[in-house]
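Engineer: Residue strings, one per chain:
Protein chains: 2
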Amino acid sequence: MYDVLIVGGGPAGISAAVYLQRFKRNIIVIAKDHGALGSTTHIENYYGFENPITGKELVEAGFAQARRLGVNIHENEEVLSINGSGPFNIKTNGGEYLTKTVLLTTGMNRPNLRVKGFTTLQGKGISFCGICDGFLYRNKKIGILGAGDFMAEELEVLRNFSNNLTVFTNGESLSVSTHEYPVVTEPLVELLGVDSLTGVKTQAKTYDLDALFIAAGTPSASDFAVRMGAFVNQKNEIEVDPNFSTNIAGLYAAGDCIGGLLQISKAVSDGAQAALAINKYLKTITS
Amino acid sequence: MYDVLIVGGGPAGISAAVYLQRFKRNIIVIAKDHGALGSTTHIENYYGFENPITGKELVEAGFAQARRLGVNIHENEEVLSINGSGPFNIKTNGGEYLTKTVLLTTGMNRPNLRVKGFTTLQGKGISFCGICDGFLYRNKKIGILGAGDFMAEELEVLRNFSNNLTVFTNGESLSVSTHEYPVVTEPLVELLGVDSLTGVKTQAKTYDLDALFIAAGTPSASDFAVRMGAFVNQKNEIEVDPNFSTNIAGLYAAGDCIGGLLQISKAVSDGAQAALAINKYLKTITS
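Heads up: the protein sequence lines correspond to chains U and F, in order. Numbered by my numbering, the letters in the first sequence go through residues 1 to 287 in order. Numbered by my numbering, the letters in the second sequence go through residues 288 to 574 in order.
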């Protein structure tokens, strides 16, 4: 059982890890990749570096810094689901973990689907959470949007509610099995419906649906948050209190995924402050 | 006329300077010394450095980073007074400057005077601001606590209100002229008075006073803030809004002097966020 599992290995996650490790907490960092920072080539506004550095250099320096202090970082591992409510059960593409608290630091949440009808039909047949909403669509016609592990995870959940499932990859190539379920790879051009979703359209064809579950790409922090019942604002940013706690006890978020200034310095500061708050929280639940 | 004058060359000040310089603002940084960070020997929790660094190394890297971008930094220069309200007039031991905005980043405010009676008599004859309160003590018996430039500056102000002035250095050796005014170098052991200050006591003697003005050491950010009418809380931290603005238009503060987590990362983040807010403010006053 970990004290803290940190999802994300960018500035917020590693900053938090460094503090928590020094507090002698039993922690683990799950870092899918170098994130948005990894592709930044010229950073000159993060304090303390005389010469410009690349995002890759900074991320790797962060990993090295944390590892020098003994932080356990699982690179190239992707969190697929978070369940429970203290302890939390985390499933990744590499294993399963139990932890008392979770800190989400996966960076900016991916932009919404840019398909006509998406914005107006959210919550009206468009869902981001099979566990939350699957039951509403028992034995109905369900679409799942996605092409990778995240979609496969959602598919496993939704199979419990209906057998009338179709996977829409929206132009992506499928990287996982969909069992017996049909797959549509054509990009979506429109989501249909007025008061609620009635179907989706590709260039070639229209598909009747009662619900479309979005599980494209990698789950973002806000995807996890929504699934766990944590509040997310209209900009898809996770809502936290001044202690970086969501409304779920033990679930914290820091860095770009909570909005505000999208800068390294702010993420680093968030991480440090979240670490202090988590450390304090752990004292209350272990006493 | 500068757009921004930054008081302090630590993480908050230099972080702000880097952003403002990149916004092509006409700025200057007045840095007295390396501050509290300068004497820190082992920093391993500031994100991005694999190996521990010293505070001196970090401060100097920050100076080099800012200068590489063209930031004008006056090292070893001390701000003595800030007057006006946009433009602000800044007096240092090296010159005078006019600026549209001021950012205070002078680090943690020095602890209060540890002399019996100090806490209870604040605001009751103990003042931190000659310009604010001197008039209340016209022709009264006034003490000034301090031994350097800051005290001399306060003395110049208070001479306008009374000729019955005594300088108390509280054990420090005097480094400036006090003109004709008497000087007491013995440390204070007690401040006397119940409802208001009636005098001060050294080991050897008691001195009757109507007011004691504190101008010891170097003026801290909160000293400037108080003098300018900005709000300071009970912990002597400058109160700022989410834009790092004090209640005085154009006067900003960031880093340790506004309280919160006293860590490099938080100061750096504050500085970046203050810079963005100041840049936005400058657009409103120059349009």
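Honestly, the hints are just simulated from the structure, not real lab data. Using N, Cα and C, we set each Cβ at its ideal position, and we do this for glycine too. Heads up, a few of these hints could be off.
[Said to hold, decoys possible] Below, computed lysine to aspartate or glutamate pairings styled on EDC-like, alpha-carbon distance capped at 20 Å:
no.	chain 1	residue 1	chain 2	residue 2
1	F	K343	U	D195
2	F	K311	U	E44
3	U	K56	F	D482
4	U	K141	U	E77
5	U	K24	F	E337
[Said to hold, decoys possible] Okay, the calculated bits of chain U under chain F, using three or more residues with CB under 8 Å as the criterion:
no.	stretch
6	16-29
7	127-138
8	146-158
9	210-223
Engineer: If a hint holds in the structure, say so; if it does not, say that too.
Structural biologist: Verification of the supplied hints:
Under the criterion of a C-alpha separation no larger than 20 Å, the hint pairing K343(F) with D195(U) is inconsistent with the structure, at around 63 Å. Restraint check for K311(F) and E44(U): satisfied, since their Cα atoms lie roughly 15 Å apart, inside the 20 Å limit. Restraint check for K56(U) and D482(F): not satisfied, since their Cα atoms lie roughly 63 Å apart, outside the 20 Å limit. Restraint check: the Cα-Cα separation between K141(U) and E77(U) comes to about 33 Å, which exceeds 20 Å; the hinted pair is violated.
For the proposed pair K24(U) and E337(F), the alpha carbon gap of about 19 Å is at most 20 Å, so the pair holds. Counting residues of the stretch 16-29 of chain U whose CB lies closer than 8 Å to any CB of chain F gives 3, so the stated coverage by that chain holds, three being the minimum. Counting residues of the stretch 127-138 of chain U whose CB lies closer than 8 Å to any CB of chain F gives 0, so the stated coverage by that chain is violated, three being the minimum. Under the rule that three or more residues need a Cβ within less than 8 Å of chain F, the assignment of the stretch 146-158 of chain U is violated, with 0 such residues.
As drawn, the stretch 210-223 of chain U meets chain F at 0 residues by the rule of a beta-carbon pair under 8 Å; below three, the given contact is violated.
Checked against the numbered hints given earlier, the structure breaks hints 1, 3, 4, 7, 8 and 9 and satisfies all the rest.
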